[in-house]
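Place chain B on chain A using the hints.
Each protein sequence line maps, in turn, to chains A and B.
Following this note's numbering, the numbering of the first sequence begins with 1 at its first residue and continues without gaps.
Following this note's numbering, the numbering of the second sequence begins with 1 at its first residue and continues without gaps.
These aren't lab readings, by the way, just hints derived from the structure by calculation.
Keep in mind that the hints are not guaranteed to be accurate.
[As the list claims (entries may be wrong)] Counterexamples of contact, computed for chain A against chain B with all Cβ distances above 12 Å:
hint: 1; residue: HIS3
hint: 2; residue: ARG23
hint: 3; residue: GLU38
hint: 4; residue: ARG53
hint: 5; residue: GLU54
hint: 6; residue: LEU111
hint: 7; residue: ALA112
hint: 8; residue: ARG115
hint: 9; residue: PRO122
hint: 10; residue: LEU127
hint: 11; residue: VAL137
hint: 12; residue: ASP168
hint: 13; residue: THR185
hint: 14; residue: PRO201
hint: 15; residue: ASP210
hint: 16; residue: ARG222
[To be verified] Below 30 Å or equal to it, Euclidean Cα-Cα: the simulated DSSO-like pairs (lysine-lysine) are:
hint: 17; chain 1: A; residue 1: LYS18; chain 2: B; residue 2: LYS167
hint: 18; chain 1: A; residue 1: LYS18; chain 2: A; residue 2: LYS2
hint: 19; chain 1: B; residue 1: LYS160; chain 2: A; residue 2: LYS2
hint: 20; chain 1: B; residue 1: LYS141; chain 2: A; residue 2: LYS44
hint: 21; chain 1: A; residue 1: LYS44; chain 2: A; residue 2: LYS2
hint: 22; chain 1: B; residue 1: LYS160; chain 2: A; residue 2: LYS44
hint: 23; chain 1: A; residue 1: LYS18; chain 2: A; residue 2: LYS44
hint: 24; chain 1: A; residue 1: LYS135; chain 2: A; residue 2: LYS190
hint: 25; chain 1: B; residue 1: LYS141; chain 2: A; residue 2: LYS18
hint: 26; chain 1: B; residue 1: LYS141; chain 2: B; residue 2: LYS167
hint: 27; chain 1: B; residue 1: LYS58; chain 2: B; residue 2: LYS141
hint: 28; chain 1: B; residue 1: LYS167; chain 2: A; residue 2: LYS44
hint: 29; chain 1: A; residue 1: LYS2; chain 2: B; residue 2: LYS5
hint: 30; chain 1: B; residue 1: LYS58; chain 2: B; residue 2: LYS5
hint: 31; chain 1: B; residue 1: LYS160; chain 2: A; residue 2: LYS18
[Stated by the list, open to error] These stretches of chain B come out as covered by chain A in the derived footprint (C-beta under 8 Å, 3 or more residues):
hint: 32; region: 11-18
hint: 33; region: 56-67
hint: 34; region: 71-77
hint: 35; region: 110-118
hint: 36; region: 131-143
We treat Cβ as the ideally placed atom computed from N, Cα and C, and that holds for glycine.
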Amino acid sequence: MKHDPERSAAAYLGGLLKGARRRMFERHMVDCEDCWHEVDLGRKGRSVAESGRELAPQALRERVRLAVETVNPGRRRPRWILGAGVLMVLFIGIATLWLTEREPREIDAALAAFRAQPIAAPAEPQLPDRLGQLKLVRAGRADVEGFEAIAHVYADSSDDIVVVFVADEQWPVARGAHHDNAGETWMAEKDDLVLICIDEPAPSLVVGDDRHDVELAAYSLRP
Amino acid sequence: MSIRKRTHDEFLAATLPALDLVYNLARRLVDRRDVEDVVQETFTRAFEAWSSGRPPRKVEPWLATICLNTGRSWLRRAFNRREMAVEPDHNLAADEDVENAAVANVRRDAVHGALWGLSEEQRIAITLMDLDGFTAAEVAKITGSPRGTVLARVHRGRKKLARILEKEVDQVET
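The shape of chain B in the complex, shown without the other chains:
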């Protein structure tokens, strides 16, 4: 096996298990049309760093940091093009017609919409802690914010989410 191939394989073996993590973060960073592009750019940037002799000690926070920077660059470019799109998608997956899956999708879409109703800082902090499973200390490092600030953002964001969903349930029941 060539060195080139081995480098690719080692990188993919170490990082692809974190694809869902990166995907969930990108989903809460940029418009749904750009999510897959941001994920791809995150991994190619990460590979360039990796193959230049800068592999990380821990893959997940490293990828999350790269994804965050990539997503923010993406947003800046979109903003400059005046194509800022923060509209969440409420579409059901077209290829899933099983009732349970549809219900799950409705719930997930509602949560996704609710998350987009939060401020960007709260949305990112909640995504990193509750969806990606990072600790408060790790989120603080990834976002460059103090741990107390991270916890406050997460807690306030969670309260808003809980209230938004409570309201939706009330509306359905009445």
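Same shape as in the complex, but just chain A:
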């Protein structure tokens, strides 16, 4: 190995040489002027450096103590709390999105009622016997998820059915509904059914599987 007095002295003074290697270098140093000189200078330099050690002023000790005592502990939260916070925000975001994107239950119930046509008890019709070519077949109370409505069942000449649910309060807007220019009515399509909602003369939801019949009924209802 190449003789490098500076490197050897640095390793020796730095405590890197142990046991036999240390003793070997010490024996070598006795005969090697360069290594001896390197170690000697290194020791002197270390002694000089050590003499520069200072004590911190007492006032600084008090200053540090006061500064630390004004810092609120745990100001920076552990990472797991941060992670939990992110998860919570994500959860709330997804839940909000899910809830806002969900079909209003009154609309779902009205669609189910159309399919099953469960008219609990006959009721006095609130709509005319005919809406264009559509003829009123029967009318009765329908419980649409706690939303009291009178269901008017109309049929055309082919016995295609259109049901007009008339309620006392405004119907919620179906998901994905398109509003007319005035914003007074909206129309939506759900699977094979067409829905049109009008607010005047009474809050009415027209449901049917024949688009033409549904539009005809809605048009006839409007004042």
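Here is chain B on its own, set in the frame of chain A:
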């Protein structure tokens, strides 16, 4: 005792004994006007980490690392403000008029000046090893340098210090 108070007390009890160590390192990092600010910032940063559930296994190297980072940030800010000051102070402590203390101060100031004559890497390595008492392996970890590099920096720095002081002695004698 409140949890808040207990946290402060535990931190101060564990770290204040290392104040001299941090102070000596800060003294060789930044201008003397900024030393106490850097020391204070080191301890407040350390406390924030400590109270966030990240106490160290060994306090001294941890504080030295924080001090080194704080001092370097300080230097970068000073450099950006073009207020880089690396001028060592040779002033005697005004409140010490005892002859021996004055002599000791002269010697310490001379050493301090000599240390500032070294490169930053050599100065930091020597401060950590010879003034703060860290091993070469610890200094390597604190500074992020290989152990061989640390030893070379320390040894070359020591040689320069020895020569600077030898010259001063020669000048006094002649």
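Against the structure, the hints:
1. The Cβ of A:HIS3 lies farther than 12 Å from every Cβ of chain B, with a closest approach of about 16 Å, so its non-interface assignment holds.
2. With a least beta-carbon separation of about 20 Å from chain B, A:ARG23 lies farther than 12 Å from that chain, consistent with its non-interface assignment.
3. Not every CB of chain B is more than 12 Å from the CB of A:GLU38 (nearest about 8 Å), against its label as outside the interface.
4. Residue-level check failed: A:ARG53 sits 5 Å from the nearest beta carbon of chain B, not beyond 12 Å.
5. Distance to chain B contradicts A:GLU54 as a non-interface residue, since its nearest Cβ pair spans about 6 Å, not more than 12 Å.
6. Here A:LEU111 stays apart from chain B, with its beta-carbon at least about 54 Å from theirs, past the 12 Å limit.
7. Once the 12 Å rule is applied to beta carbons, A:ALA112 is consistent with being away from chain B; the minimum gap is 54 Å.
8. Every CB of chain B is more than 12 Å from the CB of A:ARG115 (nearest about 58 Å), matching its label as outside the interface.
9. At roughly 70 Å, the least C-beta separation between A:PRO122 and chain B is larger than 12 Å, which holds for a residue marked as non-interface.
10. At roughly 69 Å, the least C-beta separation between A:LEU127 and chain B is larger than 12 Å, which holds for a residue marked as non-interface.
11. The Cβ of A:VAL137 sits about 72 Å from the closest Cβ of chain B, beyond the 12 Å cut-off, so the non-interface label holds.
12. Distance to chain B confirms A:ASP168 as a non-interface residue, since its nearest Cβ pair spans about 58 Å, more than 12 Å.
13. Distance to chain B confirms A:THR185 as a non-interface residue, since its nearest Cβ pair spans about 58 Å, more than 12 Å.
14. At roughly 66 Å from the closest C-beta of chain B, the C-beta of A:PRO201 stays outside 12 Å, upholding its exclusion from the interface.
15. The beta carbon of A:ASP210 sits about 67 Å from the closest Cβ of chain B, which is more than 12 Å, so the claim that it is off the interface holds.
16. With 12 Å as the threshold on Cβ separation, the claim that A:ARG222 sits away from chain B holds: the shortest Cβ distance comes to roughly 66 Å.
17. Distance hint between A:LYS18 and B:LYS167 is unfulfilled; the C-alpha atoms sit about 34 Å from each other, more than 30 Å.
18. Restraint check for A:LYS18 and A:LYS2: the C-alpha separation of about 20 Å stays at or below 30 Å, so the hint holds.
19. Taking the CA atoms of B:LYS160 and A:LYS2, the gap is near 24 Å; set against the 30 Å cutoff, the hint holds.
20. The hinted pair formed by B:LYS141 and A:LYS44 meets the criterion: a straight-line CA distance of about 26 Å does not exceed 30 Å.
21. Taken as a hint, the A:LYS44 and A:LYS2 pair is honoured in the structure, with Cα atoms around 26 Å apart against an allowance of 30 Å.
22. With a C-alpha separation of about 10 Å, the suggested pairing of B:LYS160 with A:LYS44 holds against the 30 Å cut-off.
23. The suggested pairing of A:LYS18 with A:LYS44 holds, with an alpha-carbon distance near 22 Å, which does not exceed 30 Å.
24. Pair hint A:LYS135 plus A:LYS190 holds up; C-alpha atoms about 24 Å apart against a cutoff of 30 Å.
25. Proximity of B:LYS141 to A:LYS18 is assessed by CA-CA distance (about 21 Å); at most 30 Å being required, the pair is judged to hold.
26. Taking the CA atoms of B:LYS141 and B:LYS167, the gap is about 34 Å. The hint is violated against a cut of 30 Å.
27. Proximity of B:LYS58 to B:LYS141 is assessed by CA-CA distance (about 13 Å); at most 30 Å being required, the pair is judged to hold.
28. For the suggested pair B:LYS167 and A:LYS44, the alpha carbons sit about 13 Å apart, so the restraint of at most 30 Å is met.
29. Distance check on the hinted pair: A:LYS2 and B:LYS5 sit about 60 Å apart at the alpha-carbon level, beyond 30 Å; violated.
30. A C-alpha spacing of about 22 Å is found between B:LYS58 and B:LYS5, which places the hinted pair at or below 30 Å, so the restraint holds.
31. Using a Cα cut-off of 30 Å, the hinted pair B:LYS160 and A:LYS18 holds, with the two alpha carbons roughly 26 Å apart.
32. Closer than 8 Å: that is the beta-carbon criterion, and the region 11-18 of chain B has 3 residues meeting it against chain A, so the requirement of 3 holds.
33. Counting residues of the region 56-67 of chain B whose beta-carbon sits less than 8 Å from any beta-carbon of chain A gives 0, not enough to reach three: the coverage restraint is violated.
34. Only residues whose C-beta sits within less than 8 Å of a C-beta in chain A count toward coverage, and the region 71-77 of chain B has 0 of them, not enough to reach three; the restraint is violated.
35. Under a criterion of three residues with beta carbons nearer than 8 Å to beta carbons of chain A, the stated coverage of the region 110-118 of chain B is upheld, 4 such residues being counted.
36. Restraint check on the region 131-143 of chain B versus chain A: 3 residues with Cβ-Cβ distances below 8 Å, three needed, restraint holds.
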